[in-house]
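Got chain A sorted already, so can you dock chains B and C onto it with the hints?
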Amino acid sequence: MSSTTIPTIEGYEAVIGIECHVELTTRSKMFCGCANIFGAEPNTNVCPVCLGMPGSLPVPNRAAIEKIVLAGLAFGGKIASFSKFDRKNYFYPDMPKNYQISQYDLPFVQGGVVTYWLPDGTRGTCRLTRIHMEEDTGKSVHASQDGRIAGSTSSLLDFNRAGVPLMECVSEPDIRSAAEAVAFLEALRRTFVGLGVSDVKMEEGSLRCDANVSIRPCGSTEFGTKAEIKNMNSFRSVHRAIESEIARQVDLITRGERVIQETRGWDEAAGRTHTMRSKEQAHDYRYFPDPDLVPITFTDEQIAAFRASSLSIPPQQRLERLIEEDGISAVQAHQLVDTPGLVAYYDTAVERSGRPQATLNFVLGDLARLANESGTPVAASRVTPEAIAEIVGLSESGKITSKTGKELITRLWNEGGSPTEIVEREGLAQENDAGVIEELVREVLAAQPKSVADVRAGNKNVLRFLVGQVMKASRGKANPVLVEERLRSLIAQE
Amino acid sequence: MSLPTTARAIADAVCRREHSAVAFAEAALDALQRTEPKIGAFLTPLPDLARAAAVHVDRAIAQGRHLPLAGVPIALKDNLCVEGTRTTCGSRILENWVAPYTATAVERLLAAGAVPIGKTNLDEFAMGSSCENSALGVTCNPWDAGRVPGGSSGGSAAAVAAGVAPLSLGSDTGGSIREPAAFCGIVGFKPSYGRISRYGLIAFASSLDQIGPFARNVEDAALAYDIMAGKDPHDATTVDQSAEATAAALPEDLRGVRVGIAREFDLKELDSNVRAVYEQAYRDLERLGAELVEVKLPSAEYGLATYYLIAPAEASSNLARFDGVRYGLRVEGRDMRETYDRTRAAGFGAEVKRRILIGTYALSSGYYDAYYVRAQKARTLISADFARAFERCDVLACPAASSPAFAFKAKADPYSMYLMDYYTIPMSLAGLPSLSVPCGYVSTEGGKPLPLGLELTGSLFAERKLLAAAHAYERGTRHIERHRPEVFA
Amino acid sequence: MASEQINIAHVAQLARLALTPDETIRFGKQLGSLLEHVRVLQSLPLDDVPATAQVIPSRNEMREDDVRPSLRREVVLAGAPVSEGVYIRVPRILGEDA
Numbered sequence: 001m002s003s004t005t006i007p008t009i010e011g012y013e014a015v016i017g018i019e020c021h022v023e024l025t026t027r028s029k030m031f032c033g034c035a036n037i038f039g040a041e042p043n044t045n046v047c048p049v050c051l052g053m054p055g056s057l058p059v060p061n062r063a064a065i066e067k068i069v070l071a072g073l074a075f076g077g078k079i080a081s082f083s084k085f086d087r088k089n090y091f092y093p094d095m096p097k098n099y100q101i102s103q104y105d106l107p108f109v110q111g112g113v114v115t116y117w118l119p120d121g122t123r124g125t126c127r128l129t130r131i132h133m134e135e136d137t138g139k140s141v142h143a144s145q146d147g148r149i150a151g152s153t154s155s156l157l158d159f160n161r162a163g164v165p166l167m168e169c170v171s172e173p174d175i176r177s178a179a180e181a182v183a184f185l186e187a188l189r190r191t192f193v194g195l196g197v198s199d200v201k202m203e204e205g206s207l208r209c210d211a212n213v214s215i216r217p218c219g220s221t222e223f224g225t226k227a228e229i230k231n232m233n234s235f236r237s238v239h240r241a242i243e244s245e246i247a248r249q250v251d252l253i254t255r256g257e258r259v260i261q262e263t264r265g266w267d268e269a270a271g272r273t274h275t276m277r278s279k280e281q282a283h284d285y286r287y288f289p290d291p292d293l294v295p296i297t298f299t300d301e302q303i304a305a306f307r308a309s310s311l312s313i314p315p316q317q318r319l320e321r322l323i324e325e326d327g328i329s330a331v332q333a334h335q336l337v338d339t340p341g342l343v344a345y346y347d348t349a350v351e352r353s354g355r356p357q358a359t360l361n362f363v364l365g366d367l368a369r370l371a372n373e374s375g376t377p378v379a380a381s382r383v384t385p386e387a388i389a390e391i392v393g394l395s396e397s398g399k400i401t402s403k404t405g406k407e408l409i410t411r412l413w414n415e416g417g418s419p420t421e422i423v424e425r426e427g428l429a430q431e432n433d434a435g436v437i438e439e440l441v442r443e444v445l446a447a448q449p450k451s452v453a454d455v456r457a458g459n460k461n462v463l464r465f466l467v468g469q470v471m472k473a474s475r476g477k478a479n480p481v482l483v484e485e486r487l488r489s490l491i492a493q494e
Numbered sequence: 001m002s003l004p005t006t007a008r009a010i011a012d013a014v015c016r017r018e019h020s021a022v023a024f025a026e027a028a029l030d031a032l033q034r035t036e037p038k039i040g041a042f043l044t045p046l047p048d049l050a051r052a053a054a055v056h057v058d059r060a061i062a063q064g065r066h067l068p069l070a071g072v073p074i075a076l077k078d079n080l081c082v083e084g085t086r087t088t089c090g091s092r093i094l095e096n097w098v099a100p101y102t103a104t105a106v107e108r109l110l111a112a113g114a115v116p117i118g119k120t121n122l123d124e125f126a127m128g129s130s131c132e133n134s135a136l137g138v139t140c141n142p143w144d145a146g147r148v149p150g151g152s153s154g155g156s157a158a159a160v161a162a163g164v165a166p167l168s169l170g171s172d173t174g175g176s177i178r179e180p181a182a183f184c185g186i187v188g189f190k191p192s193y194g195r196i197s198r199y200g201l202i203a204f205a206s207s208l209d210q211i212g213p214f215a216r217n218v219e220d221a222a223l224a225y226d227i228m229a230g231k232d233p234h235d236a237t238t239v240d241q242s243a244e245a246t247a248a249a250l251p252e253d254l255r256g257v258r259v260g261i262a263r264e265f266d267l268k269e270l271d272s273n274v275r276a277v278y279e280q281a282y283r284d285l286e287r288l289g290a291e292l293v294e295v296k297l298p299s300a301e302y303g304l305a306t307y308y309l310i311a312p313a314e315a316s317s318n319l320a321r322f323d324g325v326r327y328g329l330r331v332e333g334r335d336m337r338e339t340y341d342r343t344r345a346a347g348f349g350a351e352v353k354r355r356i357l358i359g360t361y362a363l364s365s366g367y368y369d370a371y372y373v374r375a376q377k378a379r380t381l382i383s384a385d386f387a388r389a390f391e392r393c394d395v396l397a398c399p400a401a402s403s404p405a406f407a408f409k410a411k412a413d414p415y416s417m418y419l420m421d422y423y424t425i426p427m428s429l430a431g432l433p434s435l436s437v438p439c440g441y442v443s444t445e446g447g448k449p450l451p452l453g454l455e456l457t458g459s460l461f462a463e464r465k466l467l468a469a470a471h472a473y474e475r476g477t478r479h480i481e482r483h484r485p486e487v488f489a
Numbered sequence: 001m002a003s004e005q006i007n008i009a010h011v012a013q014l015a016r017l018a019l020t021p022d023e024t025i026r027f028g029k030q031l032g033s034l035l036e037h038v039r040v041l042q043s044l045p046l047d048d049v050p051a052t053a054q055v056i057p058s059r060n061e062m063r064e065d066d067v068r069p070s071l072r073r074e075v076v077l078a079g080a081p082v083s084e085g086v087y088i089r090v091p092r093i094l095g096e097d098a
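Chains as they are written, first to last, in our numbering: chain A, 1 to 494; chain B, 1 to 489; chain C, 1 to 98.
Excised from the complex, chain A in its bound form:
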């Protein structure tokens, strides 16, 4: 449903739907009181319930259900007035009961729309089919050397993750490219993190996603045969896997072969997908209502109260405003919104400085670089948004050079302090005095006769070298515009 045309490969269009599992950040697990924390000692957060011991029974976690409701509302989904839990039956050693408590026909959330922007600023939307609740499985550590399932002689099981609350978000096949798929996932992540429903860390497995990919001739409205891609461990691998799968399918079709419906795994190292399970081997999950649990209902009043209690401006809406109203580039807007605490920092700084673009340049330029290098978030640094506003003011009014501005930020990052005081105390104000500048220029010209000759011979680049030399002599304070002007006229005179 992108509003712009998506580049196609040899006359084909990709049709992509995403299914992702998101672990919810609750204190305890979905159906028992064991702690829901990542990285604990193996098999320490387990009890009769999450180990599926005989006689144990599940009792659902209210907070987890409320988080799904908030997630659904954030995308305009419809919250079910009546929903229930079902059992999904299949055998796997990391699944303690050999059935997973899930939701089949009456999920907590149906519908909703996710909006996203590509780096070039084009806007896309993807409808959500549903968001439902599940419990996570344990983890197997495979004993083989290459870390793969097949071929290992045994597996070791850790059930700490078993029973962690999961929400499964299923999209409609509205996505048309790998880039859109990543933008869609980033929109989910932004929203879930913003709402506090999940930390959405793909590397820790708190977001896991599968993609259903098919292709069809451009202009066709029918769907092609889809393949389900699994084992994508980062946004980057989602991008690569989808691109690779589209290319594989286009290649098959153009060679006159057929795409078969199957599950394919993404091999990060090989950079391609491979067959995992064909449709004939599909599971028969034997879903039926879980008799250990009772239905969950919501009244319209309760849903309205949830809506009111969610964040006033969820990050997704904020992003939309930055791009569509403030005219900030999609790339910069994403950077602001997707860095924790940064958009609030930016808001405070702009409020003081009154100059959005100049503020944005300092925040996303020097500050973001320092944050990146040091690992300290901008919002937690010694550089306050008020200080940034001061630097913007000093710089925009010509009181300091932009170079001094950059140096100030680095100093404040390390030492803190007031920019205005530092500028005054240390005489860092920009040097605009024509006499002082002329003296500096003459000194440089006298020391660089060869460069002067080169400029006269027509080599413009050397002029910039000379400007740099003067700036250096002024310890960065000289007004570079005046320096260049004076250089030109003096070289021309002599």
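Hints are computed from structural coordinates only; laboratory data are not their basis. Worth double-checking, as some hints may not be accurate.
[Said to hold, decoys possible] A partial selection of chain C residues facing chain A, derived with a Cβ cut-off under 8 Å: (1) R68; (2) S70; (3) V76; (4) V90.
[Said to hold, decoys possible] Restraint-style ranges between C-beta atoms, simulated for each label pair: (5) A387/B <-> N60/C: 22 to 28 Å; (6) T221/A <-> Q5/C: 40 to 46 Å; (7) A62/B <-> D105/A: 55 to 61 Å; (8) A350/B <-> R236/A: 53 to 59 Å; (9) D105/A <-> V40/C: 25 to 31 Å; (10) V75/C <-> D240/B: 28 to 34 Å; (11) E257/A <-> V40/C: 50 to 56 Å; (12) Q5/C <-> T125/A: 47 to 53 Å; (13) Y415/B <-> R72/C: 43 to 49 Å; (14) V373/B <-> T125/A: 34 to 40 Å; (15) T125/A <-> N60/C: 31 to 37 Å; (16) A350/B <-> V40/C: 22 to 28 Å; (17) Q5/C <-> S278/A: 22 to 28 Å; (18) E257/A <-> S365/B: 25 to 31 Å.
Note that the coordinates shown come from a computational prediction; the quantities given were computed from them, not determined experimentally. All residues carry an ideal CB built from backbone N, CA and C; glycine is no exception.
Only chains B and C this time, still in chain A's reference frame:
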């Protein structure tokens, strides 16, 4: 000085410090020793636990605490988890499993001063009506060792009938308390679904399973029920309404009580001597002041078909966890798949396998709507029939089983065994409180008396009314006092 | 609910039960006969009847998000058929489908 034998009298005696809990525990353990060779009611006697619990009770009483079941020995069906004890479900697959936690119902009884003396035999995973499906032991009927005690809670029924303990716990999914109570000549009570927490009861069919007591009289059953009933934060299907005490002020007659007799459960099909007992039971109800009214349960005849789809479907899923991974038996194969197949093939008996297969089939793709969903809809009709019937009556009366206890191996065909639950299944499907109370005897060819049970059923959550009626009937007939079983402590 | 032959081998596979050839035949017959009996449900007019999953009228039974003590790992590992270090060990898992 002889010791009192009812739960109430024992608790009173211990609370008044006339006898110690330890004395009752020793007496029960002694009775267990003497009767076990003949009836085999127990899979795991718990002498150490019993003695420790009794000492603990005596200490609490000495500190001035009042415990409503102080020192009362209880036997527990071996599908109830007790922390630190072997809990087998009568199955090879759990033969050596030690439960790491205690069932809520058991915990409540223990907190009330009850003393657990052992875990009793059952049909494997509570699937059966004779106890013959246990993989771990044979239990005989105390009235005639050549006959079954009924099932699936046969061990718990036999232990109480033989006077080993005044109270025991069973579980009832389609009749597994009521039928063995009838076969063993004692009271067996299945409360409404949702009344007693299932937490720690190893599931057979979750929407039907319910824990309940066996006792030698209604009052003791009510006493145990009062303690176990009520909401449990560990079981989302327990109901909120706090259970009203039923054991206090039970009436002595049935004046003003309308007893419904369902046309569909007429007695014509029964053997004449069995029929005569039930006809007398109905006359006794009237004699005691009840008004007999005819009611209709037109869908009840579909109970068996409905039950034998729903219960196996749930069981197929509930029993999937027995896979040799985290606990219980493992028969290791070359890979995980083979390990599952072998473990489950070796660990489950034939009846359990049959029910897993039928349940898996009923839920499988292409058959779900035709079997499972149809059964769920039939369940709606059956419940609605009962709701209509209870507009016209307070309790329903019918036989608890169509015959007295039968001989071992008499029901070799699975379906003939399933028919044993004909009178108990519809009530289970509707979740109703239902019990069996002794209502007379027939004689074997050898002249031994064999007890029969009258099944009384109340409307959902109307335990108080039901127990009141059962108590009045029991007081007005006193069948249990007429004969003693062949094996009695 | 037309009369059908149960594919007992397929059902046994779904249920992860290895059946002997004798069991396959015997259970096949017994289940076929049981299905004959349950076919009586076919005669009931059930189209407009709602399904009953549970007999109790309860709704919204939930627990608060509080952490409670877990089992001790020694207890968990001691109860497992085979453990290795801090893990439960199982034979190799072949592919996606175990």
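Consistency of the hints with the structure:
This hint holds: R68/C has a C-beta 3 Å from the nearest C-beta of chain A, less than the 8 Å allowed. Because the smallest distance between the Cβ of S70/C and any Cβ of chain A comes to about 5 Å, under 8 Å, the interface hint for this residue holds. Because the beta carbon of V76/C sits about 6 Å from the nearest beta carbon in chain A, less than 8 Å, this interface hint is met. With 8 Å as the threshold, the beta carbon of V90/C comes within range of chain A, its nearest partner Cβ sitting at about 5 Å, so the hint holds.
Look at A387/B against N60/C: about 24 Å separates their beta carbons, and that is inside 22 to 28 Å. Range check, T221/A to Q5/C: Cβ separation about 42 Å, and the 40 to 46 Å hint holds. The given range of 55 to 61 Å is respected by A62/B and D105/A, whose C-beta atoms sit roughly 59 Å from each other. Taking 53 to 59 Å as the suggested C-beta distance range, the pair A350/B and R236/A conforms, at roughly 55 Å.
Remark: the range hint 25 to 31 Å for D105/A to V40/C is upheld by a beta-carbon distance near 28 Å. A hinted range of 28 to 34 Å for the beta carbons of V75/C and D240/B is consistent with their spacing of about 33 Å. Evaluation of the 50 to 56 Å hint for E257/A and V40/C yields a pass: the beta carbon distance comes to about 51 Å. Here the CB-CB span from Q5/C to T125/A is close to 50 Å, well matched to the stated 47 to 53 Å.
Checked against the hint of 43 to 49 Å, the pair Y415/B and R72/C passes, with Cβ atoms roughly 47 Å apart. Between V373/B and T125/A the CB atoms are about 37 Å apart, so this pair conforms to the stated range of 34 to 40 Å. The supplied range of 31 to 37 Å is met by T125/A and N60/C, whose beta-carbon atoms lie about 33 Å from each other. Judged by the Cβ atoms, the range 22 to 28 Å given for A350/B and V40/C holds: they are separated by roughly 25 Å.
Roughly 26 Å separates the CB atoms of Q5/C and S278/A, a value that falls within the hinted 22 to 28 Å. Separation of E257/A from S365/B is about 29 Å and conforms to the stated range, judged on CB atoms against 25 to 31 Å.
Of the hints listed earlier, there is not a single one the structure fails to meet.
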